[in-house]
Amino acid sequence: MKNFKINHRKESGLEVLDLHGELDAHTASQLEEALKNLISDSKSNIIVNFKELDYIASAGLGVFMAYIEDVRSIGGDIKLTNMNDKVYNVFDLLGFPTLYDIFENEQLAVEKFQNDNK
Amino acid sequence: MDKAVTYQKTVSASTQNLSDIRKFVSKHALNHGFSSEQIADIRLAVDEATTNIIKHAYKNDHNQELTIHLEFDDEKLSVTLTDQGIAFDLKKYKSPDIKKQIKKKKRGGMGIHLMKSLMDEVSYNVKNQKNVLRMSKNRN
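Keeping their order, the protein sequence lines are chains A and B. Under numbering that gives the first Met the number 0, the residue at position 58 of the first sequence is numbered 57, and the numbers go up by one with no gaps. Under numbering that gives the first Met the number 0, the residue at position 137 of the second sequence is numbered 136, and the numbers go up by one with no gaps.
A portion of the hints provided could be inaccurate.
In silico negatives: residues of chain B with every beta carbon more than 10 Å from chain A [unchecked claim]:
id, residue
1, Ala3
2, Gln15
3, Arg21
4, Phe23
5, Phe33
6, Leu43
7, Glu47
8, Ile53
9, Asn62
10, Asp73
11, Glu74
12, Phe87
13, Lys104
14, His112
15, Tyr123
16, Asn124
No farther apart than 20 Å at their CA atoms in a straight line, the calculated lysine-lysine pairs in the PhoX-like style are these [as the list claims (entries may be wrong)]:
id, chain 1, residue 1, chain 2, residue 2
17, B, Lys22, A, Lys85
18, A, Lys42, B, Lys104
19, A, Lys85, B, Lys26
20, A, Lys9, A, Lys111
21, B, Lys75, B, Lys91
22, B, Lys54, A, Lys85
23, B, Lys26, A, Lys35
24, A, Lys35, B, Lys104
25, B, Lys105, A, Lys35
26, B, Lys54, B, Lys98
Calculated directly from the structure, the hints in this document are not laboratory data. Beta carbons: idealized from backbone N, C-alpha and C, even for Gly.
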């Protein structure tokens, strides 16, 4: 699975997952595990940074579909940032921009969380 | 180009092979003059089609095989994917309602929607116990 990697870090008290490489039906299970681990630790303010993600297929989007309700039901959210045009296009074709917060950069997502949680 | 040029690849039905299939398709589309945007569309459509075959037609049975055939001519690229798994009923297919699916924590159904959005033509036929998915992308 060398073509996909996830790095987990904290930023301003939020959980950030940095995605690297190619997210497809083979590698999506890694993202699923990472999100499940955060949710089971009741960590629900999550940013997923796509800066180093080169490619996404619908299996990757499916992971966000399966867990967003769990996260929102415990008062959190998954916000998506730094997508390249090709990756954003896939989210756009499936109508995700009206259902998920998608930001150009991580700072905007941090600010949105801070405003949401005031 | 007077004659059509073809390429073919057969792989086992494992999602491990998806990245190789994407490379195979992208490399030939690039060599045949498709733009970066067109290649991104073709690459995703083929990935989605292959994923559906592996997951649904073959239920992740790695002993099964599928074949990807590319044909380039002056006007377009035609991609044909052939498998011998469980056939799919394209007539019963409905585009996904993402909002509803999120509420139900349900995923899936997006691949065909993407193929239809990204490619100029998509057709599906069952012939001699083989499922044949054909998609084409016009050069212009």
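*For this structure, which hints from the list above don't hold up?*
2, 3, 6, 7, 8, 13, 14, 21, 22, 23, 26
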